Amino acid sequence: MVIALSACTNSTIDPSGYFYSTDKINTRFDQSEQWNSNHPFKQVVSSTENYQLLVAADSHVGPVHNLELFLKEAKKPENMAYVLVGDVVTGKAEDYMRLDSVLPKYEVKPGFIIVGNHDLYFDGWQSFYKLFGSSVYYFTVQTPSASDLYICLDSGSGTLGDKQLAWLKNVLATVRPNCRNCVIFTHVNFFRSRHTGSTNPLVTELEVLIDLFLKSNVNMVMMGHDHERSLNQLGNTTYVTMDALLDGHPKASWVKLNVSGSKVGYEFEEVK
Amino acid sequence: MIINENTGQNIYSNLYVYYIYMQRLKLLILFVIHFYPMYSQIKMDHYAEVGKTMMSNGVYSNVSTLVEASYNYVHIHGGALLSVINPQAGLINTMTVGVGGEFQVKNFKMKMDGFYLWKPISENLREYNGGIIASSRFQHFGVKLGVNTRVYGLSKAATMNYHLSDTVSTSIWEPVNLMYQFSFYQPLSAKCNLEVRITNYDKYMILQETNPMIMSRVDYVVTSKLRVYGELYYMEAGLLNMRVNYFGYNGRGGITWEI
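Residue numbers (this note's numbering), protein chains in the order written: chain A, 1 to 272; chain B, 1001 to 1259.
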């Protein structure tokens, strides 16, 4: 907490959000659902059983050098789509505009973006919603023999909220059984594998989510927020916290998410 | 193995888990009763609570019994939180045991406590916590500081239910977490006291150090041995750290008495 408060001097932080926020998770969820009702969930089609997605977190635009390297990599034919797991920008309107000027140059693959806490600073939700619409949705990848489920969650406020939790339970109960693999993307990392000032969902929430993911046979949960990679496994679920993609980060990297039949694997690739 | 046709759950494993719960509760009660005659003072704390969080799927209610036995400067304690309405798992929500002592360095008095918490989150999942806390009380202020370590672990039932192989990890360990409690005390009358507290833990729950709660408490002294109290907890996600959002509340009424 002290570390976080000391960061107030950094102009990319909006400390007013530590005490009061203009957007609430349930309101954002309602808006996401409204957007979803007019935009059906996407299906990506793979002609082979084995395929790859490219995933990164915490690019914190302003600076876009590493993000552009990531997007260039995503254009390669082996990647079916890319996912940005929150804290894509600082939350400032000018940084959303900068992101909006960069993304179209690389938009040859489907891109999936979810919100992180930094994206919400400076009333950033308004800009996010205008540019990307929903932050709670799912998409599927259809292979010749099966369908894989990818669920994108909004944890930018440190909680999913009761409405999003009900939605998630429903998706896992109704859609998950028809899919071979299931991967969840959410910004705020679950576990404190090291001592850090970066926060996590409350233990009360983790107890519910870990149990739900175990029961729903979720293969992998991919997270960011902590800026430092961490790997945990509990039963059949692997929890991956990614390094930040942020420019200047000493270990900036992205993750290649490899699907090979009913196996979901990952491989970190550091930015060169 | 007997399978419930409606739920698909292994009945044997449910009964086994319930049996284990009861055994542990029995051990806890025997532990306290056994040591009762040795101790000069027994302090009991019973409370009932009602709350609602973003994750609780409606209002929940629990009851707790905590017993502390002390002799000279040493004490032991044990307690259980039982779910009454909207349980997350079964009847037993959480159990705790601990031991501690009081020390004095020159004019500075402090207490040290070690504890162990066991929580059956579901049939499949357990949470284990161990830690130590040092505390000191001044006229208007109180401070408690400590560390805990936490393990999320799968139960034997989960290993059977999900056919987990020996190579699969069945636990996640969080090595170190800071525990803190900063209290402000204000007497409201000769018999009534107010406490306002910022903390990241409670009797049966330890949040991460980055997730503080706000608590207010009013104590009413009925007799020198008996007092009643009310507590209200307010929880926010991301408070003082990221994008704040309401998370939940917990209201509690209880009695403490010394025997």
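Just so you know, these hints were derived from the structure itself, not from any lab. Among the hints, erroneous ones may be present.
[What the hints assert, rightly or not] Quick list of in silico lysine-lysine cross-link-like pairs, DSBU-like style, CA-CA up to 30 angstroms:
id: 1; chain 1: A; residue 1: K169; chain 2: B; residue 2: K1052
id: 2; chain 1: A; residue 1: K215; chain 2: B; residue 2: K1156
id: 3; chain 1: A; residue 1: K256; chain 2: A; residue 2: K169
id: 4; chain 1: A; residue 1: K163; chain 2: B; residue 2: K1203
id: 5; chain 1: A; residue 1: K163; chain 2: B; residue 2: K1052
id: 6; chain 1: B; residue 1: K1052; chain 2: A; residue 2: K215
id: 7; chain 1: B; residue 1: K1109; chain 2: B; residue 2: K1156
id: 8; chain 1: A; residue 1: K24; chain 2: B; residue 2: K1026
id: 9; chain 1: B; residue 1: K1156; chain 2: A; residue 2: K169
id: 10; chain 1: B; residue 1: K1203; chain 2: A; residue 2: K215
id: 11; chain 1: B; residue 1: K1144; chain 2: B; residue 2: K1109
id: 12; chain 1: B; residue 1: K1156; chain 2: A; residue 2: K263
[Said to hold, decoys possible] Some chain B residues well away from chain A (every beta-carbon gap over 12 angstroms; in silico):
id: 13; residue: L1091
id: 14; residue: E1102
id: 15; residue: I1121
These numbers were taken from a predicted model, which means no experiment stands behind them. For glycine and all other residues, C-beta sits at the position ideal for the given N, C-alpha and C.
Hints and how they fare:
Taking the CA atoms of A:K169 and B:K1052, the gap is about 18 angstroms. The hint holds against a cut of 30 angstroms. As the CA atoms of A:K215 and B:K1156 are separated by approximately 15 angstroms, the hinted pair is consistent with the 30 angstroms bound. With a C-alpha separation of about 27 angstroms, the suggested pair A:K256 and A:K169 falls inside the 30 angstroms cut-off, and the hint holds. With a C-alpha separation of about 29 angstroms, the suggested pair A:K163 and B:K1203 falls inside the 30 angstroms cut-off, and the hint holds.
Distance hint between A:K163 and B:K1052 is fulfilled; the C-alpha atoms sit about 14 angstroms from each other, no more than 30 angstroms. With a C-alpha separation of about 23 angstroms, the suggested pairing of B:K1052 with A:K215 holds against the 30 angstroms cut-off. Of the supplied pair hints, the one linking B:K1109 and B:K1156 is violated, its CA atoms being roughly 44 angstroms apart against a limit of 30 angstroms. For the hint linking A:K24 to B:K1026, the alpha-carbon distance of about 45 angstroms lies beyond 30 angstroms, and the restraint is violated.
In summary, the hint linking B:K1156 to A:K169 is supported, as the alpha carbons are separated by about 25 angstroms, within the 30 angstroms threshold. Taking the CA atoms of B:K1203 and A:K215, the gap is near 29 angstroms; set against the 30 angstroms cutoff, the hint holds. Restraint check: the Cα-Cα separation between B:K1144 and B:K1109 comes to about 13 angstroms, which is no more than 30 angstroms; the hinted pair holds. Our distance criterion of 30 angstroms between C-alpha atoms is met by B:K1156 and A:K263, whose separation comes to about 25 angstroms.
The Cβ of B:L1091 sits about 17 angstroms from the closest Cβ of chain A, beyond the 12 angstroms cut-off, so the non-interface label holds. Consistency note on B:E1102: stated as away from chain A, and its beta-carbon is indeed over 12 angstroms from all of that chain's, at 29 angstroms minimum. With a cut of 12 angstroms on Cβ distances, B:I1121 falls inside the contact zone with chain A, its closest approach being about 5 angstroms.
Checked against the numbered hints given earlier, the structure breaks hints 7, 8, 15 and satisfies all the rest.
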